[in-house]
Amino acid sequence: MPPFNPLYMTTMEEYHSGSESSFHSEEADNIVKECIEGVVGNDDYSQSLVNKWTAGIVERCLTQLVKQGKPYKYIVTCAVMQKTGAGLHTANSCYWDTTMDGSSTVRWENRTMYCVVSVFAVAIA
Amino acid sequence: MEMRSGTMEETGEVSRKRHWDGGGNELKCPIIPSQPSIPLRGRSTSQSAHSVAFNADEVNISIKECVEGVIGGTDYNQNKVNQWTASIVEHSLTHLVKQGRPFKYIVNCAIMQKSGAGLHTANSCYWDTTTDGSCTARWENRTMYCVVSVFAVTVTL
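Taken in sequence, the protein lines are chains L and Y.
No gaps in the numbering here: position 62 of the first sequence is 62 in the UniProt record's numbering, and each next residue is one more.
No gaps in the numbering here: position 45 of the second sequence is 45 in the UniProt record's numbering, and each next residue is one more.
Hints in this document: simulated from the structure, not taken from any laboratory.
It is possible that part of the hints are untrue.
[As the list claims (entries may be wrong)] Heads up, incomplete: computed chain Y residues facing chain L, CB under 8 Å, no partners named:
1) Ala53
2) Asp57
3) Ile61
4) Gly100
5) Gly116
6) Trp127
7) Thr156
[What the hints assert, rightly or not] Listed below are the simulated PhoX-like cross-link pairs for lysine-lysine, each with C-alpha atoms no more than 25 Å apart in a straight line:
8) Lys83(L) with Lys98(Y)
9) Lys114(Y) with Lys64(Y)
10) Lys83(L) with Lys33(L)
11) Lys52(L) with Lys114(Y)
12) Lys83(L) with Lys80(Y)
[Said to hold, decoys possible] Computed spacing ranges between beta-carbons, pair by pair:
13) Glu37(L) with Asn82(Y): 27 to 35 Å
14) Glu58(Y) with Ser46(L): 16 to 24 Å
15) Thr99(L) with Ser115(Y): 20 to 28 Å
16) Lys80(Y) with Gly85(L): 12 to 20 Å
17) Gly73(Y) with His24(L): 22 to 30 Å
18) Gly100(Y) with Asp43(L): 41 to 49 Å
19) Gln78(Y) with Lys67(L): 16 to 24 Å
20) Lys98(Y) with Gln68(L): 17 to 25 Å
21) Lys83(L) with Lys98(Y): 34 to 42 Å
Backbone N, C-alpha and C fix where the C-beta goes; we use that ideal spot for every residue, glycine too.
Could you build all of it, start to finish, from the sequences and the hints given here?
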């Protein structure tokens, strides 16, 4: 039974870990970037399409992550915001096993919008 | 394990129809990962069959209290917003952990200035739908929106 270290951690940046059985955020980053490009690419912000985009991005990311066949549960969140000069700030905090679980956040933008995707991976005991 | 997606639509454009009421209640959530009104284990209507179900209603209320406590009554302030988001996630997490339930938690908070821009968020989870759950609380005042999501994953000991 793996040791459970409920270390309380607050982060506004990517989580990096050096241990072998931990979550590899670089791999997840690449998967996420490809999914975003594939769904949104060079399109301009469109209110009628944005719901489809956010749903498409999270589903595609999740499918790709699950395909890796690693023993994790995943949570993928995506926020798309039109570029108007407004401020958007996000933070997340996780209560989990810091040796095995991990997260990664990708920020992407094009001319008319920002897209922030976070992946949280929780190891299955 | 199953895949569930939830899409939440937030519109910051003040001249258009809002998608949630002033109390922060959801008006649109097509696919819901897990809801407290449906027993997470078994078919009984009482909760005594499973004492560790994720209670989204309770969590929703406690998150709104945390948010009120941190930013209630203040206007959007670019210098302070980082402190606010950090505070909100920390207080929410502390509160959840204090309940002593066998869950791992992920708390996500986004604060956006009201400027007419559109903000849309979605999340999708690959987990055990019978034991894990999530809850999203939306809060707003005159100058900003705040969206907090809590995801709870069961710990198998």
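Each hint tested on the structure:
1. The beta carbon of Ala53(Y) is not positioned within 8 Å of any beta carbon in chain L (closest approach about 17 Å), and the interface hint is therefore violated.
2. The closest approach between the C-beta of Asp57(Y) and any C-beta of chain L is roughly 20 Å, which is over the 8 Å cut-off, so the hint fails.
3. Look at Ile61(Y): its Cβ only gets to about 19 Å from chain L, farther than 8 Å, so that hint breaks.
4. Given the 8 Å rule on beta carbons, the hint for Gly100(Y) is violated: about 11 Å separates it from the nearest Cβ of chain L.
5. Annotation: Gly116(Y) was flagged as interfacial toward chain L, and the flag holds, the nearest CB pair being 6 Å apart, inside 8 Å.
6. Proximity of Trp127(Y) to chain L holds as hinted, the smallest CB-CB distance being about 4 Å (cut-off 8 Å).
7. Taken as an interface hint, Thr156(Y) checks out: its beta carbon lies about 5 Å from the nearest beta carbon of chain L, inside 8 Å.
8. Taking the CA atoms of Lys83(L) and Lys98(Y), the gap is near 39 Å; set against the 25 Å cutoff, the hint is violated.
9. For the hint linking Lys114(Y) to Lys64(Y), the alpha-carbon distance of about 19 Å falls within 25 Å, and the restraint holds.
10. At roughly 19 Å between alpha-carbon atoms, Lys83(L) and Lys33(L) fall within 25 Å of each other, so this suggested pair holds.
11. For the given pair, Lys52(L) sits about 23 Å from Lys114(Y) by alpha-carbon distance, which is consistent with the 25 Å threshold.
12. Of the supplied pair hints, the one linking Lys83(L) and Lys80(Y) holds, its CA atoms being roughly 21 Å apart against a limit of 25 Å.
13. Separation of Glu37(L) from Asn82(Y) is about 29 Å and conforms to the stated range, judged on CB atoms against 27 to 35 Å.
14. Here the CB-CB span from Glu58(Y) to Ser46(L) is close to 38 Å, at odds with the stated 16 to 24 Å.
15. In this structure, Thr99(L) and Ser115(Y) break the distance hint of 20 to 28 Å, their C-beta atoms being roughly 42 Å apart.
16. Taking 12 to 20 Å as the suggested C-beta distance range, the pair Lys80(Y) and Gly85(L) conforms, at roughly 19 Å.
17. Checked against the given bound of 22 to 30 Å, the beta carbons of Gly73(Y) and His24(L), roughly 43 Å apart, lie outside it.
18. Between Gly100(Y) and Asp43(L), the C-beta spacing of about 47 Å keeps the proposed range 41 to 49 Å intact.
19. Range check, Gln78(Y) to Lys67(L): about 40 Å between beta-carbon atoms, so the 16 to 24 Å window is missed.
20. About 35 Å separates the C-beta atoms of Lys98(Y) and Gln68(L), a value inconsistent with the hinted range of 17 to 25 Å.
21. Between Lys83(L) and Lys98(Y) the CB atoms are about 40 Å apart, so this pair conforms to the stated range of 34 to 42 Å.
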